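Sequences and hints are given; from them, build the entire structure.
To convert, take the position in the sequence shown, counting from 1, and add 115; that gives my numbering.
Read the hints as simulated data drawn from the structure, not as lab findings. Because the structure is a prediction, the values reported are computed rather than measured. Backbone N, C-alpha and C fix where the C-beta goes; we use that ideal spot for every residue, glycine too. Careful: at least some of the hints might be erroneous.
To be verified - Computed Cβ-Cβ distance ranges for the label pairs, DEER-style:
1. Pro165 / Glu305: 44 to 54 angstroms
2. Asp356 / Tyr210: 16 to 26 angstroms
3. Thr128 / Glu305: 19 to 29 angstroms
4. Asn200 / Arg252: 14 to 24 angstroms
5. Asp356 / Ala263: 22 to 32 angstroms
6. Glu155 / Arg252: 19 to 29 angstroms
7. Ser237 / Ala317: 19 to 29 angstroms
8. Asp302 / Glu251: 20 to 30 angstroms
9. Val343 / Leu185: 14 to 24 angstroms
10. Gly323 / Asp302: 25 to 35 angstroms
11. Ala162 / Lys274: 18 to 28 angstroms
12. Gly157 / Phe231: 40 to 50 angstroms
13. Ser278 / Glu251: 34 to 44 angstroms
What the hints assert, rightly or not - The list that follows gives simulated cross-link-like pairs (lysine-lysine, DSBU-like), each with its CA atoms no further than 30 angstroms apart:
14. Lys330 / Lys310
15. Lys199 / Lys307
16. Lys331 / Lys199
17. Lys310 / Lys260
18. Lys352 / Lys260
19. Lys273 / Lys310
20. Lys331 / Lys184
21. Lys199 / Lys212
22. Lys274 / Lys307
23. Lys330 / Lys274
24. Lys260 / Lys199
25. Lys212 / Lys260
26. Lys311 / Lys260
27. Lys137 / Lys126
28. Lys331 / Lys321
29. Lys352 / Lys137
30. Lys199 / Lys311
31. Lys137 / Lys330
32. Lys311 / Lys321
33. Lys121 / Lys199
34. Lys199 / Lys184
35. Lys311 / Lys126
36. Lys321 / Lys184
37. Lys199 / Lys126
38. Lys307 / Lys352
39. Lys273 / Lys215
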Amino acid sequence: MYRHIKEYEIKFTDCDPYDSLKPSSLLSFLEESACLSADELGFGYGAVAPKNLGFIIVNSYIELARPVKLGEVLELHTWPLRPKNIIFFRDFELYVKGEKVGVATTRWCMIDTQTFRMMPTSAFFTDLDFSSYNTERSVEFNMWKIPALAEGELAYSKKVSYSDYDHYFHVNNTKYADFLLDTFSVDEFENKFIKKLQITYAKQCKLGEVIDLYKKIDGNTYFIEGRVGGEVRVQFKVELDGI
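Here's what the structure looks like:
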């Protein structure tokens, strides 16, 4: 069954102070592989943009068995599942020298790029053949809802700037992972790594807005919520593990 496979060499700029692959770098790899796969299957940017359509990611879940380290070559496998009414699932598997080091699953929506209104799959997928689509899952994960923070302390504030933007003129999904890490100290990651990371993108953030990130710790699990003027825009659930 179909898989798109691409290798990524882990470089200095991809890593944190402990030479582990940063979440934002990993999300960038996932996004690049997803785009290349979509191109192969006929619904990439070049195919949908002329119809004023596009894809935005709404949820990500990543699970790692160990940190991916500087100098390693990450082999990333990805495939889409058959689209539903308004939700597109895409799964990933991560390998280093044949060792399975992680999995990921993501949910996407198709939008009208002029109005940002969500569109049904039928807006583009009318006569494509889905019979060759891979039906296996990289991970059985369905707990997409992250509970709202009833408590939590303000850990960091970030003003959205030009470098945070993508071609939809909003903060790119990978940038939020850097905002997440900015709520931690260097010491909090000593001899630890992110074992599980879940992100919900509730609403886009725009240039000049200030995102306040509130943090609550429950053992090895961290709940972080990004708000603009009190409105929830992004949510994180992070589980750390020892190395």
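Those earlier numbered hints the structure runs against, lowest number first: 8, 9, 11, 12, 15, 16, 21, 25, 34, 36, 37, 39
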